[in-house]
Every structure is written in C-alpha cells, then in structure tokens.
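*Asks:* Spelled out, the chains give:
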Amino acid sequence: MPTIVDIAVQTEGFSTLVAAVQAAGLVEVLQSGGPFTVFAPTDDAFAKLPPGTVQTLVQNPPQLGRILKYHVVSGKYTQADLKGLKSLTSVEGSVIPLDLSDAFEVKNATVVMPDVEADNGVIHVIDNVILMG
Amino acid sequence: MTTTLQTPPTLIPPSRHPHADIIHRLEAGGSMLPDTPENLMQIIGIYKAYAVPMDFYWRDLLYIAEQVFLDPFPFFKYFISQEYLDRPNHYAGDTADLRIWRGRASAHPELLEFMEKGELKKKLPKLLHHLWHDRVNMEFAEECMRAMLWHRHMYAPVNQFDAYLDSDEYKQNADRAIRAYFKKNPVMLGLYKLFPDMFLEKVRELSYYSNLGLFWEVMAPVFFEMSDIYDEGGFKGVPDAMNFLVNGIFAIAGRPIYHHAYIDGECYEIIPKSKGFTWLYEAALPYVEAVFYRTSPFRGTKSYNAQANQVPADQKDFHYGILYADVFPVGTAGIPPTLLMQDMLHFLPPYLVEYYHQHCRGEDDMLVQLGITFQRSMYNVTSAVIQALRTALLYPLDDPNPKHRMANRKFFEAQMDRFLRPEARLRDIQSPDYR
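Those sequence lines, one after another, are chains S and Y. Under full-length UniProt numbering, the first residue of the first sequence carries the number 1, and numbering increases by one thereafter. Under full-length UniProt numbering, the first residue of the second sequence carries the number 1, and numbering increases by one thereafter.
The set of hints was computed from the structure by calculation and includes no laboratory data. Using N, Cα and C, we set each Cβ at its ideal position, and we do this for glycine too. Be aware that one or more of the hints could be misleading.
[Claimed, not checked] Which stretches of chain Y does chain S cover? Using the computed rule of at least three CB atoms under 8 Å from a CB of chain S, they are: (1) 153 to 165; (2) 243 to 257; (3) 273 to 280; (4) 389 to 397.
[Stated by the list, open to error] The list that follows gives simulated cross-link-like pairs (lysine-lysine, DSBU-like), each with its CA atoms no further than 30 Å apart: (5) K410(Y) - K86(S); (6) K86(S) - K316(Y); (7) K69(S) - K126(Y); (8) K403(Y) - K76(S); (9) K83(S) - K410(Y); (10) K48(S) - K86(S); (11) K69(S) - K302(Y); (12) K77(Y) - K123(Y); (13) K236(Y) - K273(Y); (14) K77(Y) - K126(Y); (15) K122(Y) - K83(S); (16) K77(Y) - K171(Y); (17) K273(Y) - K171(Y).
Build the full structure now, drawing on both the sequences and the hints.
*Replies:* See the structure below:
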C-alpha cells in the first residue's frame, strides 16, 4: 500500500499541500514514520486563505512546518474511532476540537472524504485549512 | 473573507447581549466603529501619524535587542545607528519579502527630517535635541514592551514564545551570548557568576524588545499603505479599512519571530527562527492583549495602595489599555499615553490638523482630540483582530449552517463581554460628539 505522501502526490487536488510539505521538509517524516492521522486540506481550502498567507509561510519553512504539524495526529484514527471523541492533540501540540454529531467536523473544517487508507496511517480530506488557537 | 452583507442574518434569533447592536454590525461584516466618512477620515489620518514614530520604534527596538544588548550603561540606546535607519523593512520597498507599502524600505523621510531638525526646526547636534527633549518618545515603545514582558502566559499554550523563555535551551543560548558580550569585562562576568538570574531576566526583556520590534516592522508599512490608499480614494468606508487590516494580518501571520544578538560582528541566535514562532501567535495576539486591553494602571488615575484595592490582584483583570483609557487627562502628569500622543502630533496629515482646529479648543487641546481619534482607530484595529480570529477559527459570515452562525455569535458575544465593564469606551465611540 502507498504511504500518506504517495497518496497526496498521486491524487489530484493536493498540489498546494504537497508543495507545502516539501517546502517544510516534512516528506521524510510522513513517508517513513507513523502511524499518523492526517487532516489534508485540498487546493481549494488553501485558495480560501487571503493572498500572501501561503507566500509568507513558504518563505519560512519552520513556521509553515508548524501549521502543517497541526494537521497531523500521532496514531491511526478512522471516522469510526473518532465517534464520541471531543478532541485530539496534534503533533504541533495544540488541541483539535472534533464534532461528529451531525457531519464529520474538525475545528471549523468539514471532512469531505473520510478514511482514505494509507500504509502508515489514514487521511481525512478537509475543506478548510485549520489553525491553532 | 469578511464581506459586507446586504441583509441582516435571519438564520438565528437576534442577540440579547447589551452590545447586541454592535454584535449585529460585526455579523454583517462591519467594525465596532460606526461606518461614517468622518470616522474613516479620522482613523486613517491617525494611522499615518502613528506610523511615522512607529517606523522609529521598531528600528530602535531591534537596535537595542541586537546591538546595545546588555550594555550596563546604555546612555545612547535611543541614538540609533545609520545602519538601522537604512535597514530595509521586510514589507516595504523593492526588496520586500511581501510588499505591503509601495513606498521605500528605509526610514520614512518625515521621520528623518524630524530627527534632524525636531520641533525647533533647527539643525542641531543629536545630543542637544535629545537633552531639550525634542525627539521621538522611545520610552513609550519600551513601556509597551514591558507590558508584554510582565503579562506573562498570554494566549498560552498556543503562544509558545513566553514558555520558551523559561526553557533550558533558552537559558543556554542566553548564557552563551552573555559570556561572549562580557568576555573582556571581568567585573561583569564576576557579577554574572554571582547573580546569573539578574542577567538572564535582562536578556528575556531584550527578547521582548525584539518581539515588539518585529511586530511593529509589519504595522508601520500597513498603516502607510492605508494612508496612501485613502489619499487615492480607495476606501469606501470603515469596513474597507478594517478588511485591509484583516488581510494584512493573514498575509503576515507566518513571519518568524526571533531574537538575534550581534556581538563583535558575530550573530548569537538566542531565539532561532527555526523554533517556528510566528508573528500572529507569538507577537500580534499577545501584543493586543497586553497593550490594547491590559497594560498597567496609570500612576495618575489609580492608587497602587494595597489596602485601597483599586488595582486588581489578578493580571487578567487589568483593564488599562487604550480600549478603556480615559483620554481627557492626556498631557497631565501620570498619564503614559501622553508620550505617544506627543509623538503623533508632529506627523498629523493637514486634513486632520484642520479638523481639530474646528472642534473643542482648536489647537489648544489637540493632544486630547487626537488621543480620542487614536482610541477610535484602535477600536477599528481590534475589530480587525476579532474578525481575523473569527475567519481563522470559526466560520464565514454568510455560512448557511445555523449551528455555525451560532458559533460565530457566541464568539462575538464573548469578545463584547470584555467591554461590559464601565471603563470601556465602546459606547462612547459610537457617538461623533465624543471628542
């Protein structure tokens, strides 16, 4: 089975995320380590950010890395595993609130495609970039 | 992004909050400050007047953090080097990382002219201008820095800067810089051996000099650009001006916050960029909390007498920032913002000077009038911060899901709760007669 990075690279609609992961130097981590649960924003999600936001982050890899690490949780959690959970702690260290009562919501993002299985974890595709705080 | 909605939201019932009118305005994409041409003129004019001294503040703050460093007798810390006046702003000019102001990257021409000639309009040696107190009031910038230093644990744990100052890694980095700085000074090295924490705490303070300097390096070009856009007729109302700030906050959110010291030409990374500290979480949000909301009680308005219980015991209850300040005693003893008002007085655009001449006591109470304008403008900046947080952490204003709308409502109400205390000036700024 392919890894989390392989899936992101091969699937259409994740070019910004892949470029960001590369710029932040996180390919190695997501390729070999694990298992991880990754909340992956689509290109459309990145496009919703105001102009300049991504540019500033790409210029500064450690800061970009921190935002990306907020989208990653250590351990493999499928949608079924998350039922009833109120929050998860991200690799960045901050808490990600969850709400699975109606839809599958992660902070202020909605999961548009849950449970994409990978070799070293699981991907949930989200429609918003999530931010700490 | 924030857009002004034509119809009020009908998905959820009206708010019952005492500031419901303002909450509904925020939900419609507005600002806490009413949208009138007079308000727009005032706030943009004062942004311009604020940006010029701020262009000095950020340069000198970084000069002190990076070059003056631990000088035990920093008599000349406000005599910034030419190198720091020429230092290109990262967000202005042709070499910018992300160009916000279309103007130049080195110090603003009005600032340079003021530094040369001052209020006296005479070219005199720097030292004489300084001794005659004909200068930029850098003490105000240091007061803001100290507010950030003393109100610790703000926005923790998302703000990681503050916690890092207590880490072993930070202590080791600081230790290396302290030893290098005093390597030819056995007296200071001996003192360091006896009282290491005294020096360490001083380095922490210097780290906050750097933090605030890097914060204002962004705000100065933002305010200059807003002034230029207004002059070109580019802002249609107060919400436009607020949205420009919201976009600016997002664009720069990821800029690194760090502290480098230069000792004998060598760079000591006391807080390296690789820590991942960001402008938004480690500088902007703590700054707003420390300076707009909290600061410290003015010596001229509150008694520090422990038995009088006038000053709260808990720092989170401090309410002495610009959003609560009584501006009328500006110019009298014991009112720190006077320093800033005096600085801004030198750089007012002509339309604002004319406006003040027509009101109250004309030229005589201009400091008070511009202080109140400044308060209005900071309510608009705070509105931008609130809208930016809502954009980042919650939902769009036109979200069709009632649950999401309610989450936004709860957030706005929680923010307005902070203006329920009687000192808050939120109600005053709703009226044009407050001046």
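*Asks:* Take the hints in turn and mark each one as holding or not.
*Replies:* A quick look at each hint next to the structure:
{"no.": "1", "hint": "153 to 165", "verdict": "holds (count 4)"}
{"no.": "2", "hint": "243 to 257", "verdict": "holds (count 9)"}
{"no.": "3", "hint": "273 to 280", "verdict": "holds (count 6)"}
{"no.": "4", "hint": "389 to 397", "verdict": "holds (count 5)"}
{"no.": "5", "hint": "K410(Y) - K86(S)", "verdict": "holds (19 Å)"}
{"no.": "6", "hint": "K86(S) - K316(Y)", "verdict": "holds (28 Å)"}
{"no.": "7", "hint": "K69(S) - K126(Y)", "verdict": "violated (50 Å)"}
{"no.": "8", "hint": "K403(Y) - K76(S)", "verdict": "holds (29 Å)"}
{"no.": "9", "hint": "K83(S) - K410(Y)", "verdict": "holds (25 Å)"}
{"no.": "10", "hint": "K48(S) - K86(S)", "verdict": "holds (26 Å)"}
{"no.": "11", "hint": "K69(S) - K302(Y)", "verdict": "violated (46 Å)"}
{"no.": "12", "hint": "K77(Y) - K123(Y)", "verdict": "holds (21 Å)"}
{"no.": "13", "hint": "K236(Y) - K273(Y)", "verdict": "violated (39 Å)"}
{"no.": "14", "hint": "K77(Y) - K126(Y)", "verdict": "holds (13 Å)"}
{"no.": "15", "hint": "K122(Y) - K83(S)", "verdict": "violated (73 Å)"}
{"no.": "16", "hint": "K77(Y) - K171(Y)", "verdict": "holds (25 Å)"}
{"no.": "17", "hint": "K273(Y) - K171(Y)", "verdict": "holds (16 Å)"}
In terms of the numbered hints stated before, the structure departs from hints 7, 11, 13 and 15, listed from lowest to highest.
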